[in-house]
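*Asks:* Each chain, written out:
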Amino acid sequence: MATRETCALVTGGSRGIGAAIARALAADGWPVAVNFRSGEAAAPAVVDEIVAAGGTAVPVAGDVSAPGAAEQLLAEAERQLAPIGALVNNAGVNADGLALQLEDDDWNRVIETNLSAAFRLTRQAVRGMIRRRHGRVVNIASVVGTTLTNPGQANYAASKAGLVAMTKAIAVEVARRGVTVNAVAPGFIATEMTAELTTGTLEAVPARRAGRPEEVAASVRFLASDEAAYITGATLVVDGGLSA
Amino acid sequence: MATTVTAEQVETVVADALAELGPDRELIKRDATFEELDVDSLDLAELSQVVEEKFGVRLKGDDIASIKTVGQAVDLIVSKAG
Ligand SMILES: NC(=O)c1ccc[n+]([C@@H]2O[C@H](COP(=O)([O-])OP(=O)(O)OC[C@H]3O[C@@H](n4cnc5c(N)ncnc54)[C@H](OP(=O)(O)O)[C@@H]3O)[C@@H](O)[C@H]2O)c1
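Chains G and E, in that order, are what the protein sequence lines are. Counted from 1, the first sequence has number 10 at position 10 by our numbering; the numbering is strictly sequential. Counted from 1, the second sequence has number 41 at position 41 by our numbering; the numbering is strictly sequential.
The following block holds chain G by itself, in its conformation from the complex:
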């Protein structure tokens, strides 16, 4: 396993896609800071699994949407591991409902967590990256809001569309410093977030199955690697052909 001088921070790494991303990056030699909000048991389990497999990982608690969280989480990861070389903005929530019925709180919470927190973390992480002339930011967007849309997700779609636009905007600002900023847009992935989706939904997917978190994580691992140095501002769609 290659040793690295920088570490990766994965937000919302206690379960689902984030946990798979943490494992994949660790398998690629990244020391990984696994952020979680409420998964006090789940995050250490992900960390233990990585360590048992010969990798390096630490849990870093904190709600990404809290004031000052960006500075605090990145500082904590740097204190325990190394300077931040890769940031994966994966923490995300949904609060679905028809626009007519969405409360301000449902709108704000989703935008805060999925978009504003990702901006603040990226702004802070990129400071060190541009000075080291190397860095990777991967934002977990969605096909929702980028290639297709569902009723009942105005807040979620707006947050993910915003995340893709932010990805491109920051990518062009920092490209000449060896820092890449990309997005991954998953389709239906089997996690708790999609647990309530019926099998009927999957009929729309050309691959006729839900994706696995590991299949999203593999793209993140690639975008975080040195091989992906010339890919920036891109959105990699991982959806079994759903938006093709």
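Hint data in this document are derived by calculation from the structure and do not stem from the laboratory. Treat the hints with caution; some may be incorrect.
[Claimed, not checked] Reference excerpt, derived from the structure (chain G facing chain E, CB under 10 Å, subset only):
#	residue
1	L102
2	D104
3	R127
4	R131
5	V174
6	R177
7	R208
[Unchecked claim] Below, computed lysine-lysine pairings styled on DSS-like, alpha-carbon distance capped at 30 Å:
#	chain 1	residue 1	chain 2	residue 2
8	E	K60	E	K80
9	E	K68	E	K80
10	E	K54	E	K80
11	G	K168	E	K68
12	E	K60	G	K168
13	E	K60	E	K29
[What the hints assert, rightly or not] FRET-style restraints, in silico, Cβ to Cβ:
#	chain 1	residue 1	chain 2	residue 2	range
14	E	Q72	G	G241	52 to 58 Å
15	E	R58	G	A165	50 to 56 Å
16	E	S79	G	A52	53 to 59 Å
17	G	E49	E	R30	57 to 63 Å
18	G	R133	E	D24	17 to 23 Å
19	G	D96	E	E35	46 to 52 Å
20	E	K60	G	D96	35 to 41 Å
Quick reminder that beta carbons are idealized off the backbone N, C-alpha and C, glycines included.
Once you've looked at the hints, dock chain E with the ligand against the given chain G.
*Replies:* Just chain E with the ligand, lined up with the frame of chain G:
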């Protein structure tokens, strides 16, 4: 800031930081424009990080947009640190 920052201190820090970003040291003079030095907005954002660390002075996007020469940058930082 408790201690006063001198123009000389700021000039040294700014010149060192700019030299790291590419331009030849001899070209970094008070009246040199950032355009001549090929120092762009991202370089200035990086310079402002160094300035913030050394002098506790925060340069905003507007500040950066308004300065065109090395001397203007130094003067702005000195005035903000005062
Ligand atoms: N599953 C899909 O089909 C799908 C499709 C497209 C995009 N995505 C995106 O992929 C990402 C991961 O989704 P998932 O399906 O893995 O979701 P999940 O199973 O619900 O897991 C969400 C993760 O985010 C964390 N989290 C939520 N809010 C947080 C906050 N404020 N601060 C810190 N951590 C927070 C959760 O931590 P706690 O458990 O500690 O709260 C959890 O680890 C999200 O951005 C989601 O929008 C998912």
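*Asks:* Regarding G:E49 and E:R30, is the given constraint of 57 to 63 Å on their beta-carbon distance met?
*Replies:* holds (58 Å)
*Asks:* For the pair E:K60 and G:D96, does the Cβ-Cβ distance stay inside 35 to 41 Å?
*Replies:* For E:K60 and G:D96 the Cβ distance comes to about 38 Å; the hint holds.
*Asks:* Would you settle whether the hint for G:R177 is holds or violated, based on the nearest Cβ-Cβ distance to chain E being less than 10 Å?
*Replies:* At about 7 Å, which falls below the 10 Å cut-off, the nearest Cβ of chain E leaves the hint on G:R177 intact, so it holds.
*Asks:* For the hint on G:R131, does the least C-beta distance to chain E fall short of 10 Å?
*Replies:* holds (6 Å)
*Asks:* Hint validation: G:V174 versus chain E, beta carbon distance must be below 10 Å. Holds or violated?
*Replies:* This hint holds: G:V174 lies near chain E, its Cβ roughly 7 Å from the closest one there, short of 10 Å.
*Asks:* Are the Cα atoms of E:K54 and E:K80 separated by 30 Å or less?
*Replies:* holds (13 Å)
*Asks:* Does G:L102 pass the interface check with chain E, least Cβ-Cβ distance below 10 Å?
*Replies:* This hint is violated: G:L102 lies away from chain E, its Cβ roughly 33 Å from the closest one there, beyond 10 Å.
*Asks:* With 10 Å as the cut and Cβ atoms as the points, is G:R208 at the interface with chain E?
*Replies:* This interface hint is violated because 46 Å lies over the 10 Å limit.
*Asks:* Is G:K168 close enough to E:K68, meaning Cα to Cα at most 30 Å?
*Replies:* holds (28 Å)
*Asks:* Is the shortest C-beta separation between G:R127 and chain E less than 10 Å?
*Replies:* holds (6 Å)
*Asks:* Regarding the pair E:K68 and E:K80, is the alpha-carbon distance no greater than 30 Å?
*Replies:* holds (17 Å)
*Asks:* Is it true that the C-beta distance of E:R58 to G:A165 lies inside 50 to 56 Å, as the hint says?
*Replies:* Cβ of E:R58 to Cβ of G:A165: about 27 Å, so the range 50 to 56 Å is violated.
The earlier numbered hints that this structure contradicts are 1, 2, 7 and 15.
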